[in-house]
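Chemist: Sequences listed follow chains A and B, in order. Note that full-length UniProt numbering has the first sequence beginning at 1, numbered continuously upward. Note that full-length UniProt numbering has the second sequence beginning at 1, numbered continuously upward.
There are no misleading hints in this set.
Facing chain B, a subset of chain A residues (Cβ under 8 Å, in silico):
{"no.": "1", "residue": "A110"}
{"no.": "2", "residue": "G131"}
{"no.": "3", "residue": "C159"}
{"no.": "4", "residue": "K199"}
{"no.": "5", "residue": "T418"}
Okay, derived cross-link-like pairs now, DMTMM-like style, lysine to aspartate or glutamate, Cα gap no bigger than 25 Å in a straight line:
{"no.": "6", "chain 1": "B", "residue 1": "K30", "chain 2": "B", "residue 2": "E15"}
{"no.": "7", "chain 1": "A", "residue 1": "K444", "chain 2": "B", "residue 2": "E59"}
{"no.": "8", "chain 1": "A", "residue 1": "K447", "chain 2": "B", "residue 2": "E441"}
{"no.": "9", "chain 1": "B", "residue 1": "K447", "chain 2": "A", "residue 2": "E178"}
{"no.": "10", "chain 1": "B", "residue 1": "K432", "chain 2": "A", "residue 2": "D451"}
{"no.": "11", "chain 1": "B", "residue 1": "K429", "chain 2": "B", "residue 2": "D362"}
{"no.": "12", "chain 1": "B", "residue 1": "K180", "chain 2": "B", "residue 2": "E59"}
{"no.": "13", "chain 1": "A", "residue 1": "K180", "chain 2": "B", "residue 2": "E441"}
{"no.": "14", "chain 1": "A", "residue 1": "K453", "chain 2": "A", "residue 2": "E68"}
{"no.": "15", "chain 1": "A", "residue 1": "K264", "chain 2": "A", "residue 2": "E395"}
{"no.": "16", "chain 1": "B", "residue 1": "K453", "chain 2": "A", "residue 2": "D451"}
{"no.": "17", "chain 1": "B", "residue 1": "K447", "chain 2": "B", "residue 2": "E178"}
{"no.": "18", "chain 1": "A", "residue 1": "K444", "chain 2": "B", "residue 2": "D451"}
{"no.": "19", "chain 1": "A", "residue 1": "K447", "chain 2": "B", "residue 2": "E178"}
{"no.": "20", "chain 1": "B", "residue 1": "K447", "chain 2": "A", "residue 2": "E464"}
{"no.": "21", "chain 1": "A", "residue 1": "K390", "chain 2": "A", "residue 2": "D362"}
{"no.": "22", "chain 1": "B", "residue 1": "K180", "chain 2": "A", "residue 2": "E441"}
{"no.": "23", "chain 1": "B", "residue 1": "K294", "chain 2": "A", "residue 2": "E301"}
{"no.": "24", "chain 1": "B", "residue 1": "K444", "chain 2": "A", "residue 2": "E441"}
{"no.": "25", "chain 1": "A", "residue 1": "K294", "chain 2": "B", "residue 2": "D316"}
Treat the hints as calculated values from the structure; they're not laboratory data. Since the model is a prediction, treat every value here as computed from it, not as a measurement. Idealized CB from N, CA, C, for every residue including glycine.
Number of protein chains: 2
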Amino acid sequence: MLGLLKKKPVDKLVEVLGKEKVKVSLVERKLYSYDATPIPIERAIPSAVIFPESQEDVEKLVQVCYQEDIPIFPRGAGSGLTGGAVPTVDKGVVVSFEKMKRFSVDVDNAVAFVEPGVITYELQQFVEGLGLFYPPDPSSFKYSTIGGNIAENAGGPRCLKYGVTREYVLGLTAVIREGKVLRTGSPVLKDVAGYDITKLFVGSEGTLGLITSAILKLIPKPKARATALVLFERLEDVGRAVTEIMTSGVFPSALEFMDADAIKAAEAYKPIGLPKDVAAILLVELDGSVEGVKEDLQTVERLLSRMGIEVKVAQDEASAEKLWTVRKNLGPALANLKTGKINEDIVFPRTYLSEAIPKLRDIAKKYDLLMVVFGHIGDGNLHVNLLYDKKDPQEEERAERAVDEVFQLALSYRGSITGEHGVGLTKRKFLKWQVGHVGIEVLKGIKAVFDPKNLFNPGKLLLE
Amino acid sequence: MLGLLKKKPVDKLVEVLGKEKVKVSLVERKLYSYDATPIPIERAIPSAVIFPESQEDVEKLVQVCYQEDIPIFPRGAGSGLTGGAVPTVDKGVVVSFEKMKRFSVDVDNAVAFVEPGVITYELQQFVEGLGLFYPPDPSSFKYSTIGGNIAENAGGPRCLKYGVTREYVLGLTAVIREGKVLRTGSPVLKDVAGYDITKLFVGSEGTLGLITSAILKLIPKPKARATALVLFERLEDVGRAVTEIMTSGVFPSALEFMDADAIKAAEAYKPIGLPKDVAAILLVELDGSVEGVKEDLQTVERLLSRMGIEVKVAQDEASAEKLWTVRKNLGPALANLKTGKINEDIVFPRTYLSEAIPKLRDIAKKYDLLMVVFGHIGDGNLHVNLLYDKKDPQEEERAERAVDEVFQLALSYRGSITGEHGVGLTKRKFLKWQVGHVGIEVLKGIKAVFDPKNLFNPGKLLLE
Numbered sequence: 001m002l003g004l005l006k007k008k009p010v011d012k013l014v015e016v017l018g019k020e021k022v023k024v025s026l027v028e029r030k031l032y033s034y035d036a037t038p039i040p041i042e043r044a045i046p047s048a049v050i051f052p053e054s055q056e057d058v059e060k061l062v063q064v065c066y067q068e069d070i071p072i073f074p075r076g077a078g079s080g081l082t083g084g085a086v087p088t089v090d091k092g093v094v095v096s097f098e099k100m101k102r103f104s105v106d107v108d109n110a111v112a113f114v115e116p117g118v119i120t121y122e123l124q125q126f127v128e129g130l131g132l133f134y135p136p137d138p139s140s141f142k143y144s145t146i147g148g149n150i151a152e153n154a155g156g157p158r159c160l161k162y163g164v165t166r167e168y169v170l171g172l173t174a175v176i177r178e179g180k181v182l183r184t185g186s187p188v189l190k191d192v193a194g195y196d197i198t199k200l201f202v203g204s205e206g207t208l209g210l211i212t213s214a215i216l217k218l219i220p221k222p223k224a225r226a227t228a229l230v231l232f233e234r235l236e237d238v239g240r241a242v243t244e245i246m247t248s249g250v251f252p253s254a255l256e257f258m259d260a261d262a263i264k265a266a267e268a269y270k271p272i273g274l275p276k277d278v279a280a281i282l283l284v285e286l287d288g289s290v291e292g293v294k295e296d297l298q299t300v301e302r303l304l305s306r307m308g309i310e311v312k313v314a315q316d317e318a319s320a321e322k323l324w325t326v327r328k329n330l331g332p333a334l335a336n337l338k339t340g341k342i343n344e345d346i347v348f349p350r351t352y353l354s355e356a357i358p359k360l361r362d363i364a365k366k367y368d369l370l371m372v373v374f375g376h377i378g379d380g381n382l383h384v385n386l387l388y389d390k391k392d393p394q395e396e397e398r399a400e401r402a403v404d405e406v407f408q409l410a411l412s413y414r415g416s417i418t419g420e421h422g423v424g425l426t427k428r429k430f431l432k433w434q435v436g437h438v439g440i441e442v443l444k445g446i447k448a449v450f451d452p453k454n455l456f457n458p459g460k461l462l463l464e
Numbered sequence: 001m002l003g004l005l006k007k008k009p010v011d012k013l014v015e016v017l018g019k020e021k022v023k024v025s026l027v028e029r030k031l032y033s034y035d036a037t038p039i040p041i042e043r044a045i046p047s048a049v050i051f052p053e054s055q056e057d058v059e060k061l062v063q064v065c066y067q068e069d070i071p072i073f074p075r076g077a078g079s080g081l082t083g084g085a086v087p088t089v090d091k092g093v094v095v096s097f098e099k100m101k102r103f104s105v106d107v108d109n110a111v112a113f114v115e116p117g118v119i120t121y122e123l124q125q126f127v128e129g130l131g132l133f134y135p136p137d138p139s140s141f142k143y144s145t146i147g148g149n150i151a152e153n154a155g156g157p158r159c160l161k162y163g164v165t166r167e168y169v170l171g172l173t174a175v176i177r178e179g180k181v182l183r184t185g186s187p188v189l190k191d192v193a194g195y196d197i198t199k200l201f202v203g204s205e206g207t208l209g210l211i212t213s214a215i216l217k218l219i220p221k222p223k224a225r226a227t228a229l230v231l232f233e234r235l236e237d238v239g240r241a242v243t244e245i246m247t248s249g250v251f252p253s254a255l256e257f258m259d260a261d262a263i264k265a266a267e268a269y270k271p272i273g274l275p276k277d278v279a280a281i282l283l284v285e286l287d288g289s290v291e292g293v294k295e296d297l298q299t300v301e302r303l304l305s306r307m308g309i310e311v312k313v314a315q316d317e318a319s320a321e322k323l324w325t326v327r328k329n330l331g332p333a334l335a336n337l338k339t340g341k342i343n344e345d346i347v348f349p350r351t352y353l354s355e356a357i358p359k360l361r362d363i364a365k366k367y368d369l370l371m372v373v374f375g376h377i378g379d380g381n382l383h384v385n386l387l388y389d390k391k392d393p394q395e396e397e398r399a400e401r402a403v404d405e406v407f408q409l410a411l412s413y414r415g416s417i418t419g420e421h422g423v424g425l426t427k428r429k430f431l432k433w434q435v436g437h438v439g440i441e442v443l444k445g446i447k448a449v450f451d452p453k454n455l456f457n458p459g460k461l462l463l464e
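Next up, chain A with everything else stripped away, as it sits in the complex (with noise of 0.2 Å):
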């Protein structure tokens, strides 16, 4: 009778939201205690896997696991890089928001309502349709939800000109402790009432609460995009380049980089006809009206060309779409180098790149390692990819250790850790390197604020 009496902490989640939202199955358990970290990490089979419906259903689900203490971990479309959406504890729950994708746009105040699991491409498609735009464009973007670039704080190359996912998160609904509903900011560009808890939540990665909606600010759709591609003979070039564009009143939406090594690899997987003999290549992305677009491409240009640098404008759209599409394949491209590929996104100051990359290639020869350098030089961050066989355990042991060191370097020029993929369970141990143990107090000082039994995401971003 005793034990037909006390149930199980998820006998209770299927009493409250019903048997269709929690799923128990073994398969459904394993399908989602993955994510997409590239590399091996401490992952559990969780004891359910809830598809809440509403904001009701998570108001309803986390005032049981707080009763029963249930570890909550959130989930988007599991693409994240750092391990944010793996569930790291059986007894916990994994909570999938890919049924709450409703959204609507309010035109006349450039603001769109949406739920976490909006994919962030189709805000994209809809609100350009109306002549706005939502600019955030991780490379995910095509499948990962509103929901985890907020968790995440996702950047891409447009975070230059128009900032990262932060910058459009205008107000949240969320989900805290005990289940107490949290509504923050509102539908408009200023407001200054009370600390921007909307802020402490986009890149808190899940461990703050559960957000079950968002207002976003959207902004006029640029009418003209231009690409320029800009062949380097010297490294130590680019980053003159770049001051010189930056202060010629040109404002880029993306400066792309890649070093020698990424073009090869590039033209290994898909050839395009890019030089092979070069140190490095940016791509220059610009957009605006299409007379300044127009004037913006002569200013780049004429500077570039003055300072002996070749530039090549794409003719028209179609070549401007091969350019990115390479930049693009990068990923699948070194892919096909080795079976393992470790994609740290350090940031350093941006003119420190050309000082920072041969530093970065000793620790490759230190540890015998194949490197790719590529990435995002407008805002500094680097994907620095050490490569390595799956099947040789050595080697990738060696790729382990020279992450340290890649870490250390990006730290010593005050840059960061990472600039996209957050620290989830992989970066837990550098957090300490880059916020010093006050950071550290503060950080946990405001979990405990908003998850005082520590179960919203435990064991993410912070180190127990």
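Guided by the hints, dock chain B onto chain A, whose structure is given.
Modeler: Showing chain B alone in chain A's frame:
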């Protein structure tokens, strides 16, 4: 003997910092007990005014204050409008940052390293000479400080396109509880390592700790700028015109609104020949490349003339300057009408303006007050000015009662009680209306993490 042994808390500050940095004369203490808040507020004469000159000074003073339970009231230029810099208890000390005003600019990385006492305008002038731009433009920018701007998250007309102060703060050094030093962020555009403590400090009104330095983001300085004056015969066309502009690919750097009474007041103060028979005017500022601005101006003219709305383009910089001077003179212009003025910076989603303004007029009528409305329509931030005679206590009281209804109206449209001025002393009782009791609970929790003794600017932002 006992009396000699037992030092006053202020003596310890003198001992640690030296006499030159700790002023105790009544004149100075009185001088630093004010800010620019136009309405009567509770004020106290501080026990000392401290002028730190370095990071180390600030650490020392916070250590002493934390040991001795001395409340700390940080102060920029004292230009705040909600009592944020005003001491509220006699035993407190004012900390003025006017001697910490060093700054340096890293052109290549487009960042500035600033101390809190730097005058915003001085930084702006300097970086513009280098081809860079620091956009935040609160009305007080010619005398207010970066530290104060950060504490209040200052905005201005250009926030529509460029965002508020928050968007330009990449990192901070702050001294918090017990004199601990907190370093947040880094001189790069992307950094997602840990919760965003930098943005949490922006707009925290000095209640979390003392900001001792900041890393600011700079952007390319636009090459060209133009201003157009738009004349409206009907209030309800304003919202439609804004939507037309904002979905046409044109992104104005400012969209400023003045109602009929504001125009009359401006013309009575310093006439420049603005039409007095219109319902409202908009000032539209465009910036960017030379050709881009031309094209955008043409687009705006074409769109609005199609709606039957008259657009006058300022033919040269002098005429544009004249139009902006009118807007900037509105403050003093209103002071000419009556001796007392309550200026509330409420925010509405911008399309509700034509609906909300008549309702604001009803409030003015109900309380028999003169009301003038102007503001930043692009971001929905309206300045609602209630004018009264300071010698008429009944009229003053009616004005104060009217304010309650003004806030309720803004919140009924999901707006905000403050877009720029902050909560300070004067809006504390209204904050709960906006953020709710869960919101207040969270704000108090966060305050306690940084300042468990409630010594940093006590009594501001939150009711005790």
